[in-house]
Each structure stands twice: as C-alpha cells, then as structure tokens.
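Top to bottom, those sequences are chains W and H.
In case it helps, my numbering puts the first sequence at residues 374 to 482.
In case it helps, my numbering puts the second sequence at residues 2 to 113.
If you are wondering where the hints come from, they were derived from the structure by calculation, not from laboratory data.
Among these hints, one or two may not hold up.
In silico DSS-like links for lysine-lysine, alpha-carbon gap of 25 Å or less [to be verified]:
| no. | chain 1 | residue 1 | chain 2 | residue 2 |
| --- | --- | --- | --- | --- |
| 1 | W | K454 | W | K481 |
| 2 | W | K449 | H | K101 |
| 3 | W | K481 | W | K430 |
| 4 | W | K454 | H | K101 |
| 5 | W | K466 | H | K101 |
| 6 | H | K10 | H | K101 |
| 7 | W | K454 | W | K430 |
| 8 | W | K441 | H | K101 |
| 9 | H | K101 | W | K430 |
| 10 | W | K430 | W | K441 |
| 11 | W | K466 | W | K441 |
| 12 | W | K449 | W | K481 |
| 13 | W | K449 | W | K430 |
Every beta carbon over 10 Å from chain W, so not counted as near; a handful from chain H, in silico [as the list claims (entries may be wrong)]:
| no. | residue |
| --- | --- |
| 14 | Q12 |
| 15 | Q23 |
| 16 | D27 |
| 17 | A53 |
| 18 | G54 |
| 19 | N63 |
| 20 | R69 |
| 21 | T72 |
| 22 | E73 |
| 23 | R78 |
| 24 | L79 |
| 25 | T87 |
| 26 | L96 |
| 27 | L113 |
Don't be surprised by glycine CBs; every beta carbon is placed ideally from N, CA and C.
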Amino acid sequence: GQNIDQPTEMTATEGAIVQINCTYQTSGFNGLFWYQQHAGEAPTFLSYNVLDGLEEKGRFSSFLSRSKGYSYLLLKELQMKDSASYLCAVRDKGGKLIFGQGTELSVKP
Amino acid sequence: NAGVTQTPKFQVLKTGQSMTLQCAQDMNHEYMSWYRQDPGMGLRLIHYSVGAGITDQGEVPNGYNVSRSTTEDFPLRLLSAAPSQTSVYFCASSLGHNEKLFFGSGTQLSVL
Chain W
374 GQNIDQPTEM
384 TATEGAIVQI
394 NCTYQTSGFN
404 GLFWYQQHAG
414 EAPTFLSYNV
424 LDGLEEKGRF
434 SSFLSRSKGY
444 SYLLLKELQM
454 KDSASYLCAV
464 RDKGGKLIFG
474 QGTELSVKP
Chain H
2 NAGVTQTPKF
12 QVLKTGQSMT
22 LQCAQDMNHE
32 YMSWYRQDPG
42 MGLRLIHYSV
52 GAGITDQGEV
62 PNGYNVSRST
72 TEDFPLRLLS
82 AAPSQTSVYF
92 CASSLGHNEK
102 LFFGSGTQLS
112 VL
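From just these sequences and the hints, can you work out the full model?
Structure representation (structure tokens):
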C-alpha cells in the first residue's frame with residue numbers, strides 16, 4: 374500500500390531553523406513535492422525533488438534520498454508568517470499524487 | 002489567467018441530495034484532480050484525469066463521479082450525499098502529471 378509519514382506538529386522559534394521529515398513507501402516513485410498550506414487556504418507549491426540531493430530555494434531547502442524513502446524540508450530564518458501546515462506528497466508510478474497528513478508548524482516569538 | 006476556479010465556495014446539502022462541484026482551469030493543463038481534506042487525514046485523492054476523455058479513480062472514489070469532456074473542465078458529482086462526505090474539497094491541475102499542482106480555492110461542503 375501507499376504510506377507517507379510526517380510528524381503531526383512542530384514548534385520553533387522565530388529566527389531559528391526547523392527540519393520537517395517525511396518518509397514514504399509508495400507504488401513506484403516519480404517525484405516528491407512539498408506544499409505549504411495556511412489555515413483556510415489552498416496549498417501552494419514549495420519544492421520538487423526527483424533526484425537524490427538537496428534543492429535550495431531562498432530560505433527553503435528540500436532533500437531527497439530515494440534509497441531510504443526519505444525527504445526533509447528545511448526552513449531557515451523562521452518568520453511568524455511561516456506558521457502553516459507543510460504537506461509532503463509523492464507521485465507514484467501510475468501518476469497519482471499522494472499526500473501525507475501534513476505537519477502543523479507553529480512559529481513563536 | 003484566472004488559474005483554477007472552483008464553485009461554489011460553500012454548500013450545505015441534506016442527506017440524499019445530489020450536486021456538482023465545478024472546476025475549470027484556463028492554463029491548458031492536461032492533468033486535473035479532485036481531493037478532499039479532513040482533519041487529521043490530509044489530502045486524499047478522489048478522482049483524476051490525465052486528459053480530455055480520460056478519468057481514473059484515486060484513493061477514495063466511492064460516492065463520487067467525474068467526467069472530462071473538455072481540457073478546461075473537470076466537474077465532481079455527488080449522486081446521493083452522505084454525512085461522511087462533509088469535507089473541504091480541492092480541485093487541482095498541472096501541465097503534466099510530473100509537474101507541480103495548482104489548487105483551486107476550495108469548497109466547504111456540509112451534509113446534514
């Protein structure tokens with residue numbers, strides 16, 4: 374079956390660095406996505422990894438290890454506006470995009 | 002470009018009623034999909050389409066029908082609404098099935 378695991382919630386301090394982990398077991402692998410979702414809003418795209426390694430985009434970076442079925446999203450210089458839910462999603466062999474439950478991040482002053 | 006447009010934003014139904022959630026995109030995207038989001042469950046795929054005339058089931062298809070007669074539109078039909086279908090529904094599209102998804106603003110559906 375398909376399984377994507379992420380921590381349910383995390384708390385961090387403004388200005389700090391936080392790492393959100395995601396492990397997956399899916400029917401094949403065609404890429405991993407991270408989305409950000411603020412309360413009451415639609416998800417918005419953050420990053421995409423299809424090859425092993427680190428993708429950096431401003432304050433956000435995402436890492437992938439396909440052999441370990443593992444990814445993480447790294448958020449640097451945290452700001453209050455980064456308080457949101459972070460969704461890990463894997464595209465399986467059939468093309469379906471399957472989401473994890475999401476990690477609720479609270480950034481405190 | 003309007004992006005992905007979903008209507009309505011809110012809907013209340015009685016058990017057994019039918020309705021259609023509308024979804025349209027103006028980005029000439031081939032891939033379209035419907036998700037539902039429930040607390041603690043994340044986004045779950047209902048149905049998806051890789052192009053006009055082609056649809057397939059996702060993780061939770063029971064109780065829902067879709068069709069894709071044009072590239073732009075991908076309506077979701079509830080034939081006989083049940084309280085278990087109370088949820089927030091999102092339509093999403095992408096240029097190809099390996100591209101990032103663009104989401105509509107969501108529909109909050111309550112079935113009483």
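**OP:** Output the numbers, in ascending order, of every earlier hint that fails for this structure.
**Re:** none
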